[in-house]
Amino acid sequence: MTINLPPRRVLPADVKERMRPHFTETRSRRNHTPLAVAAGVTLLIAGGIAITQPATHDLDPARDRVVTPSGRDVARCRTALNDKNWSSTQMVVFGLRKVLVGTDGRFCELTASRAGVAPQGFQPTQVDAGSITYRSANVIAGVPPLGTRTVKARETVSGRPKHSSSGVVTPDFFIVHSPAAMLTNELVFDEKTVPVQRFTSWSENGVTDSFESDDSDPWASVNVLARCVDNAFNNKVTVDELRGWEPLLVSGLEQHRGMLLAHRGHREWATCPFTETRSDSLSLISTTSRDPDSSLVIDGHQSGSEFIVTGRTTRAAKTVEVSDRGGTPVTVNVADGHFIVTFPVSIGDDWMMSPARLRLVARNAEGEIVYEGGIS
Amino acid sequence: MRLMRPSWEGAAAVPDDAPSDAELWAQGDEHAFGELYDRYAEAVWNHAYRLTASWSTAEDLTSATFLTAWRRRAGMTLVRDSALPWLFTVAGNLARSEFRRKARFTRLLLRVPHDDVQRDHADDVASSLDHEARLSQVLEAVERLPRAEREAVELVLLGELTAAEAATVLGVAEVSVRSRISRARTRLRKMLADDILEVE
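The listed protein sequences correspond, in order, to chains V and Z.
Residue 1 is where the first sequence starts when you use the working numbering, and the numbers rise one by one after that.
Residue 377 is where the second sequence starts when you use the working numbering, and the numbers rise one by one after that.
To be clear, the hints were calculated from the coordinates, so they are not data collected in a lab.
Check before you lean on any hint, since a few could be wrong.
Taking beta-carbon pairs under 7 Å as the criterion, some of the chain Z residues facing chain V (in silico) [stated by the list, open to error]:
#1 Ala417
#2 Trp421
#3 Glu435
#4 Thr438
#5 Ser439
#6 Ala440
#7 Leu443
#8 Trp446
#9 Arg447
#10 Leu511
The beta carbon of each residue, even a glycine, is placed where N, CA and C say it ideally should be.
Only chain V is shown next, with the shape it has when bound in the complex (with noise of 0.2 Å):
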């Protein structure tokens, strides 16, 4: 017995390409005449009029955006994932924030200072005919529904568009970012909207700490401004004002609480005051002073028994002595014209509100006095 097939049919040519997946068409869309272009012809021939020429993106964007990820950062991946086999070969920058795709579909969210990977027993969620397998504060993940083309991200409230941001999607994958600050409640899949839940917490041990360096020591401080970069970058410090920085002085790093100094190509300078439990945002130094060798505070930072003081003096010094209150002084490095400086908080102590009772001796390289006096 066998079943009564209708025969098969020839494939027409136009039911073949309708039918073809969308990303093998790069070969052959470059071959035709983009049909913007072609209107733009007819319309310069039927009014008469110049125009200027559309421009049109043949190929798709989203490939534009996934770039290969390096082996260094496959390697924090698959510690993230304690797995060794894992492997990458595709990955999306949103800023500071790298998302690699594992080839098994795993996702792995990359920051200066963190990895992120799905904690054990994550369940993907289904949204539409895709579903989310990888979420963050920042980032959800996974795979689209078929065909799809965009995807956004979308914060509504009371059924009113509030933030919207637009993410990568291929055949395989999606990904999409959205600031801190965004609540996402839907994602819009082309045309389609779907509600997701709003992101809380997850258990930390999705999240592991990661560096870009090669020094695995968290405190390392280098780590340090790795944690301080991306706080800054969670609170909406742009990009460009975020990279190239490198530490100059930090102070504390054995008790695990002080304060960095960093500095980019030895012409602008920021702060970040870091504790045992958390750090703070790297904050750039605003300079106002018209003499930029004009001795000055910069920064104050009480942490716990100890203030911890960010001063600035000439930029031949290499050494500088401070004093408080004629008190016993305290030497430091001066490193472009910067130091750190810690004193013990005495209680009742007002240390903000009084910089002016520190005195300094600023000693160049051969120890000689290039400044002293007071501090404003």
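The hints should help you fit chain Z onto chain V, whose structure is shown.
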């Protein structure tokens, strides 16, 4: 004259100097996948029709099959260096899930008289409708089969793969496929009218 590899039923003939399916799959890029699409679009499209009894649904199913195959390419199984049997299983899985409702709906429409169809003027249209009606009955019967038998029927009776090929992509022994087909034939014989079946 270029030598041509023996092609699968419904698949485009492939020159002998062309890369094999395994080589294309190993490349893993869009261009290579486009080549595979060119090879197997027609075969998958015809199979999709046999799974849905609707040419319009078959189009959607074929497109979805290749997209899904691309996503799941890491899990692909080659049979005699061909990706086609595995593509058939992808189409079958999709047909049973996302496309089942749509296909059912389309088949339901087929039962409604077509006032705008001029049967007298086009024998081919009548023939086509007849095929679709018969196929719809077959598919409804196939849907009622136990899953293991249904999968085997879709690959062997509808897809016209051999039992050995179906066994490879289903990950079971050939003898299991043969016994599933045998049980399925018995059930189908009871469910379907004689004019839909051909007795060998």
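Agreement of hint Z:Thr438 with chain V interface, Cβ distance less than 7 Å: With a closest approach of 5 Å, the Z:Thr438 hint holds.
Z:Ser439 as an interface hint toward chain V, with CB separation required under 7 Å: At about 4 Å, which falls below the 7 Å cut-off, the nearest Cβ of chain V leaves the hint on Z:Ser439 intact, so it holds.
When the least beta-carbon distance from Z:Trp421 to chain V is tested against 7 Å, hint result: Because about 5 Å separates Z:Trp421 from the closest Cβ in chain V, which is inside the 7 Å limit, the hint holds.
Hint validity - Z:Ala417 Cβ closer than 7 Å to any chain V Cβ: The hint holds - Z:Ala417 has a Cβ within 7 Å of chain V, the shortest such distance being about 5 Å.
Hint check, Z:Arg447 versus chain V [nearest Cβ-Cβ separation less than 7 Å]: holds (5 Å)
Restraint outcome when Z:Leu443 is required to lie within 7 Å of chain V by C-beta distance: holds (5 Å)
Closest C-beta approach of Z:Glu435 to chain V relative to 7 Å, hint status: holds (5 Å)
Agreement of hint Z:Trp446 with chain V interface, Cβ distance less than 7 Å: holds (6 Å)
Status of the Z:Ala440 interface restraint (C-beta, 7 Å, chain V): holds (5 Å)
Hint check, Z:Leu511 versus chain V [nearest Cβ-Cβ separation less than 7 Å]: Constraint on Z:Leu511 satisfied, holds at 6 Å.
Consistency note: the structure conflicts with none of the earlier hints.
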